[in-house]
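*Asks:* Given next are the chains, with one letter for each unit.
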Amino acid sequence: MSGVAPRPGDHHLAHTDEAKLFERLSRSNLVTTWKWYLGVGIAGAVLLWGVIVFMYMALTGMGVTGYNKPVFWGLYEASLVFWIGLSHSGTLISAILRLTHATWRAPVLRGAEAMTAFTLMVGGLIPIIHLGRNWRVYYALPYPSSRELWPNMRSPLMWDAMAITTYLIGSLTFLYVGMIPDLALLRDKSAGWRRKFYSALSLGFRGTHAQWRRYHVASTLFAILIIPIAVSVHSIVSWDFAMAKVPGWHSTIFAPYFVVGAIFSGIAGVVIVMAILRKAFRLESVLTPLHFDNLGKLLCTMTLLWGYFYFTEFLTVWYNRNPEEWEVFSSYAGPYLPLFLTMIVCNFVIPFPMLCLKRVRRSVSLILVPAISIVIGMYAERLLIVIPSLARRNDPFIWANYFPTWVEFSVMAGAAAMFVLLYMLFAKFFPIMAISDIKERLFHTTDRTIGGTTVESIARVEGEEEAHA
Amino acid sequence: MSTVIVGLFEGVETAARAGRALKGLSLPAGSVTTISAVPLPDGAVVTDPAPIRFPRIAIAGWFVGAAAGLGLSLATYMLYPLVTGGKTIVSVPPTLIITYEVAMLGALLGTLFGGGREMGLLRFPPKAIHDPRIHDGKIALCARVEGDEQARRAIEAMREAGGIEVRAEEGEL
Amino acid sequence: MKHTWAMAIDLDRCTGCGACVVACNAENNIPVIGEAEAGKNRLMHWIRVNRYWEGEFPEAQAVYLPIPCMQCERAPCELVCPVYATYHNEDGLNAMVYNRCIGTRYCANNCPYSVRVFNWYDYKWEKPLDEQLSPDLTVRSRGVMEKCTFCIQRIRRAKETAAEEGREIRDGDVVPACVQTCPPGALLFGDLSDPHSEITRKLKDPRRFRLMEHLGTDPRVVYLKRQKGAGR
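Protein chains in written order, with this note's numbering: chain A, 13 to 481; chain B, 619 to 791; chain C, 7 to 238.
Where hints are given, some of them may not hold.
In silico lysine-lysine, BS3-like type, Cα no more than 27 Å apart, as pairs [stated by the list, open to error]:
| id | chain 1 | residue 1 | chain 2 | residue 2 |
| --- | --- | --- | --- | --- |
| 1 | A | K32 | A | K208 |
| 2 | A | K201 | B | K745 |
| 3 | B | K745 | A | K208 |
Just so you know, the hints here were simulated from the structure itself, not pulled from any lab data.
Working from the sequences, and respecting the hints, build out all of it.
*Replies:* Here it is as structure tokens:
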């Protein structure tokens with residue numbers, strides 16, 4: 013705001029150069045370097061490789077994977093749970109932090125919501141990838157066919173289909189509606205094809221008082237709705253396992269255990285993505301150590317929660333020594349020891365002590381260590397849930413071990429590349445920073461002198477929510 | 619299509635001063651609004667007299683979705699009934715799950731479309747009043763006026779309050 | 007007339023010869039997958055003969071347990087198929103519909119007896135082996151689950167013959183391939199709803215038990231316990 017001297021008691025937006033702020037926050041849209049092209053190229057190439065290998069698998073048969081009897085589910089299904097789990101990142105940051113009025117969420121919002129949407133897209137593809145006859149996946153759709161057959165709603169896989177569809181639509185809606193004011197901003201600041209693009213996408217949002225009031229109510233409503241949807245989605249994914257008569261799967265703890273694990277891996281994912289965005293788009297002044305500190309505290313809480321759930325499950329099995337379940341857990345000391353140790357070390361032993369230290373949480377490079385460790389540990393945990401229970405199930409005569417082949421690794425690498433590619437394209441064409449939310453926070457922030465010290469004071473408008481209907 | 623007086627203001631305090639001055643003109647409720655890059659608290663510059671109605675559509679969407687989910691479950695059970703696992707043909711717990719999911723989807727879509735409609739999105743009126751300079755920290759105060767006398771008084775009130783570039787435009791508020 | 011097909015397996019008589027497995031493979035167009043694939047635990051046997059060892063050398067004894075599909079009344083596999091590719095038919099059998107299966111393999115995960123097998127490839131019968139294929143049932147494509155059906159093609163054939171002749175099915179009309187072939191006569195098949203059938207009489211034996219009964223699957227395959235005695 014050139015030409016106006018800041019007065020004491022002024023909100024922070026008043027002495028922010030908004031044009032410069034826009035340029036700083038929109039660097040991902042305004043500046044393209046060779047690094048972006050390289051990243052997109054590599055991600056695209058790996059994705060293409062994954063697609064080719066998938067088609068090879070579809071045409072030749074699932075035999076090219078490492079699946080066998082009795083381990084009929086393996087890397088693909090564990091990855092499904094992993095990717096859907098990562099999608100709980102945005103829901104927590106946007107929805108829960110919104111409803112609890114945690115204003116620090118503003119710079120992290122958009123990146124986390126985008127992560128939710130794209131991890132869901134990847135996770136939603138895996139139920140199609142893992143089928144023996146992928147080209148017949150439409151049999152699971154409820155539509156009137158000449159066969160007069162309908163899908164079986166008693167199957168947890170159909171609950172999966174409904175839940176993931178709802179969550180995908182919900183998270184895309186949440187992401188898109190959250191972007192509308194920023195898309196309006198981009199529309200007003202661009203020209204040519206970009207202006208047409210953003211004009212269409214911003215749907216004519218102008219920022220009138222009436223629009224803002226309703227926008228606020230809509231955002232709050234979305235936040236209220238998406239949280240139970242997210243909880244139900246991962247509960248339903250866990251019920252793919254909990255409903256089965258497989259020792260080690262048939263446990264009532266699975267629903268909350270999976271939800272906690274999802275939020276856990278989701279926050280770790282957000283930390284990693286934010287660290288990358290910060291470096292790539294020079295957002296050091298916006299994504300401050302405070303944000304990583306807060307994310308780190310959340311992550312520390314989740315480490316404890318996850319550890320608690322895992323210990324509870326282990327305790328009940330150890331105490332009862334139910335023979336079927338005990339064989340499964342004994343295999344953790346046998347062929348699955350590397351996976352088990354990876355999980356315990358990466359999910360608890362490394363992260364918990366590190367995240368207790370403020371020095372670690374406030375350093376972006378240091379906090380990446382527990383975050384990456386948690387992502388690895390949670391992947392190991394998913395594998396450890398799926399594979400040993402099948403490999404050491406009811407009848408000892410047919411016990412067998414499982415190891416994925418190059419086919420499964422390639423297809424899953426392609427899936428990961430798809431996420432990276434989608435994210436990079438999103439950051440290029442859409443606002444990766446929630447500019448309006450950041451500005452709103454600055455607008456509500458003033459410096460307040462209390463006695464001999466000056467603190468940041470953030471205004472919260474109470475009673476606005478009661479103004480509807 | 620009406621005459622709208624648009625004034626650009628440096629900050630929320632000057633805009634509020636103009637808003638108070640405009641109150642003296644006794645314009646009908648809902649004819650004065652702000653256009654801003656950040657949401658302003660209700661009553662800071664202008665108040666919005668219209669109640670927010672669309673949450674009802676969200677709730678209605680929930681019920682429509684619940685009915686759809688229930689219908690979907692019952693239809694898939696009963697149109698071609700097959701015994702699976704010794705369970706009854708109409709199995710209650712899965713029905714509850716499907717009903718819940720589709721109900722949430724209904725509420726979501728109700729919020730989206732109801733909210734979008736009430737915000738006036740997707741309408742793209744050709745002469746909607748807008749000023750891109752709001753993204754540089756300015757606040758646009760717009761007053762719909764009838765007749766030249768009201769227009770002149772509104773322009774005067776805004777200029778006195780410290781408005782930069784107060785002008786009359788033909789367009790929709 | 008409603009049938010209650012069941013199978014009785016007398017463990018006193020089973021020698022573990024495996025003739026039932028061979029017969030089933032021949033009757034039901036089951037491919038021979040080869041040594042390499044067998045090493046990867048992908049055997050396609052619809053009935054398998056489990057072997058357990060009891061005791062230590064030199065008193066070690068092998069215990070044989072033939073396991074076909076249990077045709078559970080409360081089959082866990084039927085519940086979890088998203089497309090109704092497996093369901094409970096009027097004869098009380100667990101029916102498998104190959105052309106409906108999309109290959110989620112959830113049913114195989116849910117079977118505690120692990121009797122379900124999956125077609126990992128499109129298996130080929132090179133000439134002249136294709137001439138051994140039975141025309142009464144299909145050759146399954148890759149990506150499809152399959153399992154023991156109690157030789158449903160033989161049940162259907164017996165029903166058709168009985169209908170043509172204007173009578174009910176008699177006990178002994180339906181003989182699945184494994185039952186037909188078992189040299190020591192350990193396997194017996196019949197209709198439990200017929201009070202005079204051989205199987206109804208046989209299953210009055212106090213040695214009767216069912217596998218993994220605590221899981222509540224209510225299987226239709228009943229075993230008769232092996233008695234330990236002199237010379238056994």
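*Asks:* For K201(A) and K745(B), compute the direct alpha-carbon distance and say whether it is at most 27 Å.
*Replies:* holds, 19 Å
*Asks:* Does K208(A) sit within 27 Å of K745(B), going by the straight-line distance between their CA atoms?
*Replies:* holds, 17 Å
*Asks:* For the pair supplied as a hint, K32(A) and K208(A), confirm whether the alpha-carbon distance does not exceed 27 Å.
*Replies:* It holds: about 23 Å lies between the C-alpha atoms, which stays within 27 Å.
In summary, this structure violates none of the numbered hints.
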